[in-house]
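Given chain A's structure and the hints, the job is docking chain B onto it.
Those protein sequence lines, which keep their order, are chains A and B.
Terminal number for the first sequence in the numbering used here: 238, no gaps in between.
Terminal number for the second sequence in the numbering used here: 1263, no gaps in between.
The set of hints was computed from the structure by calculation and includes no laboratory data.
For each residue, glycine too, the CB sits at the ideal point set by N, CA and C.
Keep in mind that a hint or two might mislead.
Said to hold, decoys possible - With the Cβ distance kept under 8 Å, some of the chain B side facing chain A (calculated, not the full set):
id, residue
1, A1003
2, T1006
3, R1009
4, A1010
5, R1014
6, A1016
7, L1097
8, L1098
9, T1100
10, L1103
11, P1254
As the list claims (entries may be wrong) - Just a sample of chain B residues kept apart from chain A, beta carbon distances all over 12 Å, derived:
id, residue
12, L1008
13, I1011
14, A1132
15, P1148
16, P1232
17, G1246
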Amino acid sequence: MSGLEATGLSYAYGAKQALDDVSFSVSSGAFCALLGPNGAGKSTLFNLLTRLFVAPSGQINIAGHDLRASPRQALAQLGIVFQQTTLDLDLTVQQNLGYFAALHGLSGRTAATRIDAALDQLDMRERAKEKARALNGGHRRRTEIARALLHDPSVLLLDEPTVGLDAAARASITDYAHALAAAGKTVLWATHLTDEVRAQDDLIILHRARILAQGTAQDIAGGHSLQDRFLSMTGQTA
Amino acid sequence: MSAYLTSLRAIVVREALRFIHQRERFVAALVRPLVWLLVFAAGFRAALGLSIIPPYQTYITYETYIVPGLCGMILLFNGMQSSLSLVYDREMGSMKLLLTSPLPRGWLLFCKLLGSTAISILQVYAFLAIAAFFDIRMPALGYITVLPALIVAGLMLGALGLLLSSFIKQLENFAGVMNFVIFPMFFLSSALYPLWKMAESSELLHDICAVNPFTHAVELIRFALYVELNGPALLWTLLATAVFAGVALVGYDPARTRIGRRG
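Extracted from the complex, chain B is given alone in its bound form:
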């Protein structure tokens, strides 16, 4: 097996093992979107009227509307969590092991990204299964066609996490970033409300939502769950992935890196 595939397999397996060792993380990652789905959405169902917008063909309940957004939420939180673990790895030194390997650094970081995305996607499927148990179902084929969308969205959010981790020096700074990244990204998107609703309240907020890459990740997932392709959302998400990954690579460039600076 080539050195590239060997390292890919080892990094993905390590991510999986680490995940198995932290079962609480799996449960926590599922509880969060389920609370939104089963409590928040139930409460808001009455307050929010939704008109028929693509990809929906009929009136849908609010619970159905927010499922793609909550899938995105799992990917978003996991992307940030894996970047948190990268900062931790760096403080603990195990990142040094990865970065002093003779394989190209970009490849190793990509393997890391792929590993954490794979774990996130497993969690999304667990969430979709529980949602289905509560009668919030998508078309059967949608569960398959959503996979590529989840991969693209997961890579985009993982790349964002990678980017953040390359510029954050210490774990303590991380809480702030969570507040400045996760919450704005999630609330300024189409995850909880359709964008035309937002436009009724504020054109400015609507415009911010429309350029937020997380909105496009959510829309990509939403359409894919209904066996449809949202071309512009795919392009936006891919573009954001490329930009985030590019900047992350610069951040991890040894000529500029801050790794181990305090060591």
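One chain only, chain A, in its complex shape:
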């Protein structure tokens, strides 16, 4: 079964084509990396997948729900970590999570239990009362991942979640996202860094609004290092 499926997506900002007939599918419980240089169209694709924009043509299916026909059911199955931080820095970690839970209709004991569980999963429990402003970049990201998991979505979208993090925090968050996929979540992970992609991961390479390659990372690399293959495909030099 497909966890996330996009068919024939196109989007333009005036004359500039940001996505051109993009189709792909991520099977349920898979970790799929969306690799593309800056400006490839990754963020536009995320805006379409999260319904911040609606594509004039094409279709998006999230855990079996058509985003156009039943947006509310589809969005309920979606956990999102945006590239820019979306935490309210003046609120505590717990208040941030509580606010998000309420936006998904969760309140009272249900919300509290889920918030505790999500914070435990990400080793953030002892920071629950700290203001988001006091957290370092890695902990802010963890808070956002915990938040994205609160409503138990089946599909998780992460838009370059490791930007600005140090090597240790980057590795830990990448590992965690892989573990989530192993536990059954469908994960789409946008990045421009090849070292975050593992050989057995599904991989989509996006360049200049089009998909260049789709398959497992090791098949696409074809015996070369993924970095070299990626650079040669996108016509860039190291």
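The following block gives chain B in isolation, referenced to the frame of chain A:
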């Protein structure tokens, strides 16, 4: 509790928390109308003669005349301020959180509107209390009957802010809009001078004032403060609310939206 009420409560509480964190904003929002009331109005009292017009039964001082207009001013500035914060939210990304919630977008925006209106009304009451301290008083019952008028006027001006925020792409463009919206709306209204006074100077300006929804919001508040209902003002204000909210919804429609376009 239903998902709708849960989200309503959370959005209103967040607005309140944000407000508590910005105490300077509260003070600034009060200082502005108080300067008008205690300095400007005192100076103009001698220059302006006011005849008896409804809802007033006797001669009134200029300070008394401009109180409803200054209540409107608080709502107007706050409506614009909350729209400024929406543009900021959008640039900072937290608006994305709201817009990707599975609840209907119209409902979420309405909650936001209600939250900011509630905060504005608290400020109006603080202003009225200080005015009363300086002996500028309304009938006691008026302080209660003005509440629904403040809600309607606050929603109208908040909806206008929402509308503007949906069409403004960046914070930098906002200053211009403030100049082109706040000042004309405020000065081309009955907030500072009765409309018949304006008609003496210019029929055209009088006509512009008469269609300005802010004039009707101010008149609605003015009559409500004297325990009277101004039916036409209520209808105008409600109509303007519906139009502003409708256009704002179109502006936030994902098929047309500009949100995150630069992201």
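Open item on the list: For the restraint on L1097(B), tell me whether the closest CB of chain A is nearer than 8 Å.
Closed with: Hint on L1097(B): holds, closest Cβ of chain A at ~5 Å, below 8 Å.
- [ ] With chain A as the partner, please determine if P1254(B) meets the hint condition of a C-beta pair closer than 8 Å.
- [x] holds, 5 Å
TODO: Please confirm whether G1246(B) is truly not at the interface, meaning its C-beta sits more than 12 Å away from all C-beta atoms of chain A.
DONE: Holds: least Cβ distance 19 Å, greater than 12 Å.
Task: Given as non-interface: L1008(B), partner chain A, CB spacing beyond 12 Å - done: violated, 9 Å
Task: Hinted contact T1100(B) with chain A - closest CB pair below 8 Å - done: Where the cut-off is 8 Å and the nearest Cβ of chain A is about 5 Å from T1100(B), the hint holds.
- [ ] Confirm or reject the statement that A1132(B) sits farther than 12 Å, beta carbon to beta carbon, from all of chain A.
- [x] holds, 33 Å
TODO: Grab the minimum C-beta distance from L1103(B) to chain A and call the hint holds if it beats 8 Å, violated otherwise.
DONE: Result: holds, 7 Å to nearest chain A Cβ.
Open item on the list: Quick check on R1014(B) please, does its C-beta sit within 8 Å of some C-beta on chain A?
Closed with: Nearest chain A Cβ about 6 Å off; hint holds.
Task: L1098(B) as chain A interface residue, shortest Cβ-Cβ below 8 Å - done: Since chain A brings a Cβ to about 7 Å from L1098(B), closer than 8 Å, the hint holds.
Open item on the list: Under 8 Å is the threshold here; is the Cβ of R1009(B) close enough to any Cβ of chain A for the hint to stand?
Closed with: This interface hint holds because 7 Å falls under the 8 Å limit.
Task: Cut-off 8 Å, beta-carbon criterion: hint that A1010(B) touches chain A - done: holds, 3 Å
Task: Minimum Cβ-Cβ distance from P1232(B) to chain A exceeds 12 Å - done: For P1232(B), whose nearest Cβ neighbour in chain A is about 39 Å away, the distance exceeds 12 Å, so it holds.
Checked against the numbered hints above, the structure violates hints 6, 12, 13; every other hint is satisfied.
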